[in-house]
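Taken in sequence, the protein lines are chains U and S.
Counting along the first sequence from 1, when you hit position 110 you're at 110 in the working numbering, and nothing is skipped either side.
Counting along the second sequence from 1, when you hit position 1 you're at 183 in the working numbering, and nothing is skipped either side.
Just so you know, the hints here were simulated from the structure itself, not pulled from any lab data.
In this text, a Cβ means the ideal position worked out from N, Cα and C, and glycines have one as well.
A hint or two may mislead.
Here are some chain S residues pointing at chain U (derived, C-beta under 7 Å) [what the hints assert, rightly or not]:
#, residue
1, 269
2, 282
3, 355
4, 433
5, 434
6, 494
7, 498
8, 525
9, 533
10, 534
Covered by chain U, per the in silico footprint, the following chain S stretches (three or more residues, Cβ under 8 Å) [as the list claims (entries may be wrong)]:
#, segment
11, 274-280
12, 386-395
13, 405-414
14, 436-448
Sample of chain U residues with no beta-carbon within 10 Å of chain S, all distances over it, derived [what the hints assert, rightly or not]:
#, residue
15, 35
16, 40
17, 54
18, 128
19, 154
20, 174
So the chains spell out like this:
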Amino acid sequence: MWRCNAIALIILTVSLPLAAQSPTFGVGRPPTPEEFRELATAIAPDGGGLPEGSGNVAAGREIFAAQCARCHGPKAEGDVGPVLVGGQGTLRTARPLKTVGSFWPYATTLWDYINRAMPFDKPGLLKPSEVYAVAAYILNLNGIIGEADVMDAKTLPKVRMPNRDGFVPDPRPDVGEKARKP
Amino acid sequence: MGGGLLAQQKALAIETPGKLGIPLGPYGDRSPYEKAVRWRRDTKTPETGSSFTPLQDSVGTLTPSSLHYERHHAGIPLIDPAQHRLIIHGMVDRPLSLSVAEIKRLPSVTRIMVLECGGNSGSEWAATTGTDVQRSFGLVSCSEWTGVPLSLLLKEVGVQPGASWVIAEGADACRMERSVPLAKAMDDALIAYGQNGEALRPAQGYPMRLLLPGWEGNTNVKWLHSLKLTDQAYMARDETAKYSDLMPDGKARIFTYRMEAKSVITFPSGGQKLPGAGLYELTGLAWSGSGRIERVEITTDGGKTWVDAKLHEPRLPIAFTRFRLPWRFDGREAVIASRATDETGYLQPSREALIAVRGTNSGYHFNGMKFWKVHADGTVTNVEV
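Let's have the full structure, built from the sequences with the hints guiding it.
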């Protein structure tokens with residue numbers, strides 16, 4: 001208990017200069033629970049923000065057939081919507097195929113994007129467990145998780161995507177001669 | 183002198199005797215003789231896609247709001263400003279929900295600023311480049327924007343120690359999401375509600391959008407309704423799967439936010455035709471996400487020699503700068519291009535230099551030179567046909 005209080009005291013002391021910054025204009029009000037629920041849905045790559053619920057590959061296969069296949073094709077091979085499977089090993093070739101399996105670095109992004117933007121004409125239609133299930137199905141189609149794996153707030157962030165280490169920081173300016181002085 | 187003017191007026195009156203003009207209207211329209219329009223690439227879904235500003239018809243340095251380029255991912259929402267709110271939350275002392283009216287009450291700033299899609303000139307990576315300036319360079323526009331500095335709002339909420347990113351989200355159907363470094367948010371970011379002297383158009387984010395001066399268009403989240411302070415980037419779909427630049431080694435550059443210096447000749451440009459030999463004025467636009475344009479050079483011999491163009495003032499940072507150069511077309515084939523240098527000393531590279539470093543699969547952030555071929559008969563085409 002004392003230990004907790006000591007830490008609290010340190011935090012209080014350290015944050016004093018910031019606490020001294022009082023709001024200048026006093027506009028706005030605290031967000032309502034409804035506003036948090038509707039607007040604060042973004043998911044962090046460490047899984048922060050993932051809701052309760054779970055879904056497996058078999059359930060995802062059914063939902064995908066009903067809600068996703070008409071745009072992405074029955075096996076996620078792409079149609080009106082983009083291809084979601086395959087392409088692993090193509091990123092260094094003349095015709096790279098960027099898919100969830102070959103390119104996306106985090107499985108949390110898949111959950112977040114299905115939840116916020118899909119189905120294209122009815123975003124927000126799927127409940128959290130259905131989103132977990134569809135994500136599980138797409139990951140399974142890409143050979144990333146097994147048929148029996150269940151996706152939830154604990155397991156999804158632990159999925160290791162094949163291209164997890166495929167991204168590098170912006171090194172620009174990377175091209176061009178030095179400007180000549182007039 | 184007075185007699186001369188009178189004679190002119192008489193001549194006009196004789197041309198249109200007794201013809202009344204049209205009545206006054208509440209909201210203006212351009213002359214029916216003006217035909218410049220955006221060009222839209224066909225997509226499988228009409229709610230997604232891009233429309234390109236007709237740079238070849240532009241004059242001066244501002245883009246009319248009605249011709250501003252567009253890039254939408256799930257259609258244009260029509261938002262009632264009385265219902266819209268912006269919440270600022272996450273690692274803050276005082277989470278806030280703000281109405282549009284409350285944001286408009288705060289001290290505002292106005293600046294003229296260019297906005298360019300990260301995918302502008304994507305056509306130029308291909309062996310066959312864009313045939314005209316609208317389709318190859320038209321995902322860029324310049325407006326006067328009015329809004330509240332985001333730093334002011336962040337002081338209102340009190341950013342907590344350890345916060346380093348702001349996750350911005352829009353109210354369109356796909357709730358466009360991007361991660362923005364806190365340093366940029368505190369530096370010069372705006373929450374904009376005004377464009378060219380009136381409210382933002384719905385297609386530009388009405389009632390409010392994020393503006394990140396000099397950064398790729400997609401990060402300037404439209405219909406902004408949420409800003410979350412965090413200690414990590416969220417690796418959103420549109421900053422990992424999209425808007426990242428795939429290099430020849432198979433690695434992709436992420437968070438390539440700033441749009442580098444760029445310029446293009448808009449007259450004469452692909453699809454136009456010079457009526458014959460004679461004196462013309464070459465003109466075009468230059469801009470840089472890093473600041474002011476310091477210099478634009480023009481070649482009319484395919485890049486062998488370069489001449490300084492005249493730059494129109496004022497040269498504002500991160501805004502269109504128009505350049506001009508008198509040129510005598512002698513009826514012989516000429517290959518023309520421009521290249522810009524910005525205030526950091528960065529010189530716009532050639533297309534070949536870009537490809538030598540980045541390959542042809544990066545897709546985004548092309549800022550190479552654009553060469554046009556003026557043929558002997560006056561027609562103008564792209565060079566890589």
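Taking the hints in turn, this is what the structure says about them:
no. : hint    : verdict
1   : 269     : holds (4 Å)
2   : 282     : violated (11 Å)
3   : 355     : holds (5 Å)
4   : 433     : holds (5 Å)
5   : 434     : holds (5 Å)
6   : 494     : violated (18 Å)
7   : 498     : violated (20 Å)
8   : 525     : violated (10 Å)
9   : 533     : violated (10 Å)
10  : 534     : violated (10 Å)
11  : 274-280 : holds (count 6)
12  : 386-395 : violated (count 0)
13  : 405-414 : holds (count 5)
14  : 436-448 : holds (count 6)
15  : 35      : violated (5 Å)
16  : 40      : violated (6 Å)
17  : 54      : holds (22 Å)
18  : 128     : holds (16 Å)
19  : 154     : holds (19 Å)
20  : 174     : violated (6 Å)
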